[in-house]
Amino acid sequence: MASVQKAVKDFGLPRIIIIAFFLLLLLMAAVSGMDMLALLGDVLRRWGMYGILILAMVPSIQCGIGPNFGVTIGIVGGLVSALITIDMRFHGFFSGPAGAITQSLFAIFLAVVISGVFGILYGLLLNRVKGSEMTVTTYIGFSIVALFNILWLTLPFRSPTSIWPLAGEGLRNTISLQDDFSGILNNFLAFKIGSMQVPTGLLLLFFIACFFVWLFTKSRMGMMMTAAGANPKFAQAAGINVNGMRILGTTISTALGGVGIICYAQSFGFLQLYNAPQMMGFACVASVLIGGASIKSARIFHVLLGAFLFHGMLAVALPVANNIIPEGNLSEILRIIISNGIILYALSKSREVAK
Amino acid sequence: MSEMRFSSADMGGFLKKNNVTILFIVLCIGSFFASSYTLPSLFAELFTRIGRNTFLVLSLLIPVIAGLGLNFGIVIGAIAAQIAIFLVVHWGVNGFAGLMLCVVICTPLAILFGYLVGRLFNSMKGTEMIGGLVAGYFSDGLYQLLFLFILGGVIPISNKTLMISTGVGVKNVINLEGNLKYSLDNMPMISILDAAFWAVLAVSALLIVYRLVKKQELRLKKVLAVFIPVAAVYALSFIPAVAAFLSTPRLQLLNAVELGSLGIALYNLYRIIRFKMVGKHAGLPIKPLIYIAGAAAVYACTYVPVLFDSLVAVQLPVLTYLSIAALCLFTSWFMNTKLGQDMRTVGQNRAVATSSGIDVNRVRIIAMIMSTVLASYGQLICLQNIGTVATYGSHQTVGLYAIAALLVGGASVNHATTKQAVLGVVLFHTLFILSSNAGKMLLGNAQIGEYFRVFVAYGVIAVALAMHAWSAKGSGKKPPEGPVATGFIPTLESGSPGNSQAQ
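Chains as they are written, first to last, in my numbering: chain A, 1 to 355; chain B, 1001 to 1503.
Excised from the complex, chain A in its bound form (with noise of 0.2 Å):
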């Protein structure tokens, strides 16, 4: 009885409940009669789609500036990205039959440098604000958000997919991607299983970014930055740069969420923009922590277990909902309700951690 208990005590009781009420979900869905097989493919394809985007969080716990609310930074970045790559096919670029294909390489490579440099940015700012990264990296997360609702108004693009029809003026809320890159990652050498649709470019592309996380943790340099995420005082008197520790880790962790927004848009097939990115940071650090991460630990298992475990709860609990109660919309209000909660869970127990 007590090995059970501490097995528990160990894998987390709200992991456990998740994972219950995950199958409790397929189980529901089976009953009633669904098409497991599309289901699962679309298990798949959220998995995928929101990876990368919860990637980002490993660096900056590892690094000690806990899990990045912020990462809207990033993905603000990837926005930007994406909408220059748009721009560039309505001037001529990208035309031929692997244009679609550049055109999303130049989007990754894009997101990459600007979610970078503003990732270098936020990492000095972080290193000023020590001990309270959560809350300062929300309302800067939140204010970025809200002065690039100002930008998109503003900023001279001008290809007519991205802006409003009639006024000229502005982007647009969502911009179809369908002359761009949409469904390039999710369509690269798709295969199907019955009715399931298996994104393999998209989840390729998932498990080569976290290999390389997972191989940059590994390195030398990823070393010193968890050993400066773990303990400050003691890594600064082993000699290690703590503040550039700090920098490296928001940056690869913003420079993920430019990535990780390029790839959910193209699975998604629309760019959202103006209030959209707001609360993704909120469901990204969820997913970590629902996968077993804490504020101070993460590994790239608690990212895989995370994302499959929050997004394909989600991805199965719509269908599900939908067909127990048709009005409303049950599935968004269970995803409010369990990522806010699990956050607020793991935020009671660092306490405990610390003490």
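Do not rely on the hints blindly, as some may be mistaken.
Stated by the list, open to error - Using 27 Å as the maximum straight-line C-alpha spacing, the simulated DSSO-like pairs for lysine-lysine come out as follows:
{"no.": "1", "chain 1": "A", "residue 1": "9", "chain 2": "B", "residue 2": "1125"}
{"no.": "2", "chain 1": "B", "residue 1": "1280", "chain 2": "A", "residue 2": "349"}
{"no.": "3", "chain 1": "B", "residue 1": "1221", "chain 2": "A", "residue 2": "296"}
{"no.": "4", "chain 1": "A", "residue 1": "296", "chain 2": "A", "residue 2": "233"}
{"no.": "5", "chain 1": "A", "residue 1": "233", "chain 2": "B", "residue 2": "1125"}
Said to hold, decoys possible - What follows is a set of in silico ranges between Cβ atoms, one per label pair, in the way DEER data are often shown:
{"no.": "6", "chain 1": "B", "residue 1": "1036", "chain 2": "A", "residue 2": "117", "range": "38 to 46 Å"}
{"no.": "7", "chain 1": "A", "residue 1": "158", "chain 2": "B", "residue 2": "1252", "range": "34 to 42 Å"}
{"no.": "8", "chain 1": "A", "residue 1": "323", "chain 2": "B", "residue 2": "1156", "range": "16 to 24 Å"}
{"no.": "9", "chain 1": "B", "residue 1": "1036", "chain 2": "A", "residue 2": "323", "range": "48 to 56 Å"}
{"no.": "10", "chain 1": "A", "residue 1": "269", "chain 2": "B", "residue 2": "1156", "range": "35 to 43 Å"}
{"no.": "11", "chain 1": "A", "residue 1": "156", "chain 2": "B", "residue 2": "1039", "range": "55 to 63 Å"}
To be verified - Far from chain A, some chain B residues (derived; all Cβ distances over 12 Å):
{"no.": "12", "residue": "1026"}
{"no.": "13", "residue": "1027"}
{"no.": "14", "residue": "1037"}
{"no.": "15", "residue": "1047"}
{"no.": "16", "residue": "1169"}
{"no.": "17", "residue": "1181"}
{"no.": "18", "residue": "1205"}
{"no.": "19", "residue": "1227"}
{"no.": "20", "residue": "1253"}
{"no.": "21", "residue": "1284"}
{"no.": "22", "residue": "1287"}
{"no.": "23", "residue": "1295"}
{"no.": "24", "residue": "1301"}
{"no.": "25", "residue": "1303"}
{"no.": "26", "residue": "1329"}
{"no.": "27", "residue": "1355"}
Everything labelled a hint here was simulated from the structure, so no lab data went into it.
Since this is a predicted model, take the numbers as computed values, not measurements.
Just so you know, even glycine gets a beta-carbon here, dropped at the ideal spot from N, CA and C.
Model the placement of chain B on the given structure of chain A, informed by the hints.
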């Protein structure tokens, strides 16, 4: 020379300390001239917004003093208020009685919520602010679950006008027109006066009877000192002209300024007379004279045409402003009670508070309960003025705008006063009114102005939080202590994240 340098350093310090406030004053003035607003139209809207929002902002003060930081969890108090409003509208209780019923319902709800949030915050000391924000979102989820599915879905609701056509879930908008709208704002002064008279009479009588029964000293003089002025004003209200004036639902700002100047002048005249007659001092006291001159100057200002137009344009909701004033007085009074002092101690240093025998967790929970209850009243005041409840939206921005306003007034994470709250509301809402119009005038796009004010709200909070962390880091650099800090450590980082305070 040295004196000059000193004063310029002082000036620099003043500017640095109040930079957000000063920046806001400049922004407000700038956007006023950029916009097409005139002073009277601005005044009319501004005073509405002051009445609407100040109570909510004041509800933030107690947690700041108790060291819990900015209470992003006041959203939860607003939720309690909205549940109460739904029930009262559903039952069809109208007017002031309906509002009082709202208070009766939302008080226990808010106490419960505040208690739970307090318990939660005690388990996450040092990260209360992010915790409060997340707790607000979390309870918003539960609230949506309640209003979209449980009401009508699980609990049958007979009043179909409130519900979505399917019968499950509450409509997007609850209309308060004709039931709760202006139930507090439009309370005529004469009714307030009546209530005040009878309340004072009852309290005085009870006090005298109590002291007679207990065979204590009567101290009639003190009781009468309160009773007689109230009774005198009450008697005045029987003069038809006065009664007619008092029975209007609102008080014109011009009349308020005139009455205020008159009151101050009379009171100071009384002080001078007492000084000469009772005290038999030689000469004239300076302070009352300055007050009288000030009151006269304010009164003279009402003859400036622009100001006169502005003052005439504003109709103050009397009871609303009285409740705000009462809350200001209550907060200042409360801070000098034993419990208030305990809160201050807890806010300054939990370790010291514990060692001096204060139950830190209990004090923090009480602070959260008070803040949540006050926030729920604040939301009631706000919604009865607006007249519609956006069922799924009204509560969401409460925390954001209240906290931004408080910070604009010059407050910080660990220091806030009623004056800062009031100043902040005035400045923040001036910009709030002007920004979309100024944006339209300057850039030809009202939307930009609207986004700008949201950006300002978030930006102010971000800057305030960052500055707080920044200065905490600067002052937190203590000399190395104990055997841990051996000589080879070059610089000590001030604490790792999440480990804010050793207990």
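Here is what the structure says about each hint:
1. A:9 with B:1125: holds (23 Å)
2. B:1280 with A:349: Not OK: residue 1280 (chain B) and residue 349 (chain A) at ~69 Å, beyond 27 Å, violated.
3. B:1221 with A:296: Measuring from Cα to Cα gives roughly 65 Å; hence the hint is violated.
4. A:296 with A:233: Roughly 15 Å separates the two Cα atoms, so the pair holds.
5. A:233 with B:1125: At roughly 22 Å apart (the allowed maximum being 27 Å), residue 1125 (chain B) and residue 233 (chain A) satisfy the hint.
6. B:1036 with A:117: 38 to 46 Å: 40 Å Cβ-Cβ, so the 38 to 46 Å window holds.
7. A:158 with B:1252: 34 to 42 Å: violated (54 Å)
8. A:323 with B:1156: 16 to 24 Å: holds (23 Å)
9. B:1036 with A:323: 48 to 56 Å: holds (54 Å)
10. A:269 with B:1156: 35 to 43 Å: holds (42 Å)
11. A:156 with B:1039: 55 to 63 Å: 38 Å Cβ-Cβ, so the 55 to 63 Å window is violated.
12. 1026: Answer for residue 1026 (chain B): holds, closest chain A Cβ roughly 19 Å.
13. 1027: It holds; residue 1027 (chain B) is separated from chain A by about 15 Å at its closest Cβ, greater than 12 Å.
14. 1037: holds (21 Å)
15. 1047: holds (27 Å)
16. 1169: violated (6 Å)
17. 1181: holds (28 Å)
18. 1205: holds (51 Å)
19. 1227: Per Cβ check, residue 1227 (chain B) is outside 12 Å of chain A; nearest 51 Å; holds.
20. 1253: At about 34 Å from chain A, residue 1253 (chain B) clears the 12 Å cut-off, so the statement holds.
21. 1284: Nearest chain A Cβ is 54 Å from residue 1284 (chain B), so the label holds.
22. 1287: For residue 1287 (chain B), whose nearest Cβ neighbour in chain A is about 45 Å away, the distance exceeds 12 Å, so it holds.
23. 1295: holds (43 Å)
24. 1301: At roughly 38 Å from the nearest Cβ of chain A, residue 1301 (chain B) sits farther out than 12 Å, so the non-interface label holds.
25. 1303: holds (43 Å)
26. 1329: holds (32 Å)
27. 1355: Holds, since 18 Å exceeds 12 Å.
Hints 2, 3, 7, 11, 16 from the list above are not met by this structure, while the remaining hints are.
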